[in-house]
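**Student:** So you can see what is in the structure, the chains are spelled out below.
Protein chains: 4
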Amino acid sequence: MNTENGTNTIPQNAHTTSVDLVVPFSDIDGMNIVHHANYACYLERARVAWIEAHDQPYQVYIAQGNHFAVSHLEMHYHQPARFADKLCVTAWLQWVHGASLQIAYALHRNETLLLTAITQHVFVDQNGKPRRIPKDRRESLIRFATETAPTEQCERSL
Amino acid sequence: MNTENGTNTIPQNAHTTSVDLVVPFSDIDGMNIVHHANYACYLERARVAWIEAHDQPYQVYIAQGNHFAVSHLEMHYHQPARFADKLCVTAWLQWVHGASLQIAYALHRNETLLLTAITQHVFVDQNGKPRRIPKDRRESLIRFATETAPTEQCERSL
Amino acid sequence: MNTENGTNTIPQNAHTTSVDLVVPFSDIDGMNIVHHANYACYLERARVAWIEAHDQPYQVYIAQGNHFAVSHLEMHYHQPARFADKLCVTAWLQWVHGASLQIAYALHRNETLLLTAITQHVFVDQNGKPRRIPKDRRESLIRFATETAPTEQCERSL
Amino acid sequence: MNTENGTNTIPQNAHTTSVDLVVPFSDIDGMNIVHHANYACYLERARVAWIEAHDQPYQVYIAQGNHFAVSHLEMHYHQPARFADKLCVTAWLQWVHGASLQIAYALHRNETLLLTAITQHVFVDQNGKPRRIPKDRRESLIRFATETAPTEQCERSL
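Chains as they are written, first to last, in the numbering used here: chain D, 1 to 158; chain Y, 1 to 158; chain L, 1 to 158; chain A, 1 to 158.
Each hint can be trusted.
Here are the simulated BS3-like pairs of lysine-lysine, each with C-alpha atoms no more than 27 Å apart in a straight line:
1) D:K86 with Y:K129
2) A:K129 with L:K86
3) L:K86 with D:K86
4) L:K129 with A:K86
5) A:K86 with Y:K86
6) D:K129 with Y:K86
Cβ pair distances, simulated, as ranges:
7) A:S140 with L:N32: 26 to 34 Å
8) Y:Q59 with A:Q56: 38 to 46 Å
9) L:E139 with Y:D136: 52 to 60 Å
10) D:A99 with L:N32: 18 to 26 Å
11) D:Q79 with Y:A63: 19 to 27 Å
12) Y:A84 with A:K129: 20 to 28 Å
13) A:Q126 with Y:N127: 50 to 58 Å
14) L:S140 with D:Q79: 31 to 39 Å
15) Y:D20 with A:Q56: 19 to 27 Å
16) Y:Q64 with D:R132: 51 to 59 Å
17) D:S140 with A:D125: 33 to 41 Å
18) A:G128 with L:H15: 28 to 36 Å
19) Y:A63 with L:G65: 12 to 20 Å
Which chain L residues face chain Y? A few, computed with CB under 10 Å, are given here:
20) S26
21) I28
22) D29
23) G30
24) M31
25) N32
26) H35
27) A37
Just so you know, the hints here were simulated from the structure itself, not pulled from any lab data. Even for Gly, the Cβ is constructed at its ideal location relative to N, Cα and C.
With the hints as constraints, model all of the structure from the sequences given.
**Tutor:** Here is the structure:
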């Protein structure tokens, strides 16, 4: 994903899930636009919907004491969203590795691209310790990834 | 700044401003840690304090109808913060260019590095249109930058 | 409305508007329930929808420099909401007076009443100064009120 | 406390704790004032500080699986707070009963009263079930209450 120049497009082979939302007044800041931190919550909604659609309800992970903790977040803001805007947040899985995965996002208002983003997640147990993603879940997830996992070098640094 | 491997350190030549905060209960999520979106607000507090300490109170910009709108955000989460943790958020200016600047951050709990981040900002008028940073302000800011501005190529893409 | 003992029911003569929402993970707190402050934002969504359905889009008020500023809020929490709960927030107008109005709310998860609330609002101009609600809007609104306005004594204290 | 007419004053016999805070930009809404929901978080900070100062750190309750869950909230908004305002939130205990207590609040900007509020809390276990406040804690708390507990009738309705 190239977030720097705004040319991001959803890859042809992406398995996407989209959620619609209407910008509530409480998300607007003193610039009369959505405060930049709130987009992280919009991404989260699309991510949770993606996991439910392609894997299992996120509540099942929670019930087992697990989470995909956010380890890295990048958001590139192309255009601001405003009060009562109807937004569509699209998420897709980029890669899955032993204990981590990366999800990408594009947020639109009609045809206008407002934001592109990625989040990286580490699979953790109830104490927040990194754990390998269970084999069956990982094999299930990997079918929907748009990219192969990052290189060995990156993996070792986890 | 290398946020990927956690080796970020505050540059020797950085002009820093730090703010202390105690994690409020309302910032804790269902994982019993600070929800990852809230750190963007912690960064904002340090950024506002940095601007006041090195440039002028941010309210002066607002009163003139200007803002440093967030155009890009990256946060790398090394360790989670928890309820009542005493945090210190340090900000410094990395570079200033004609209409934009980049600020870097390190967030610690005592000696432990919890988060590193950068934000990029575009100077905008009251309609949200990008404008050149006023010359006097830019010359004032540039004295505190740790890096020279990004390359011409990057600048042209703004 | 009796919020104290939870026997609140939506009045027979209420003109209601309801909005559905799914509790996002970012609204969950360290008790694993929706943090109590977030309900004020849920109410706001139902209020904005009520105004659009019974009066005019709230954006029209904003475009004219007006707001219904919140002057009083009461929320009574009967049962907690949790992550991924499907909630329905119902709003109705209780009374309108010269420069103020009161809206009541009931929030359900299926048949279970989770929260009852009221908000009072003062009509303000762009400087935040209280203003009389424009006559045409007030006459339009008053048709949907479940109660006559508060007593003269209360009104005078505004 | 009379929140209706703004004549609230801190009772002479109140044992108060105050916290100072500076309004962050992220708390400002599209009216250029602090969004009304955020005050609930400001109250929470003062409440947590009061409990630590007069009882024990709130973390001790959490570590034992307990919470003072919010069951009722009233906020009366007298004047708005704005970006960078220096606020002082004062909390005091009004009454303690078998399984519940009420805290009152006054929020000032210098000498100006901006908000008065009360919160009621039910003591709960880790499953959210109401429990009697441990006798030693209740006896400790009751020394700092400004009022005797509510009537038997109210108590029975808990």
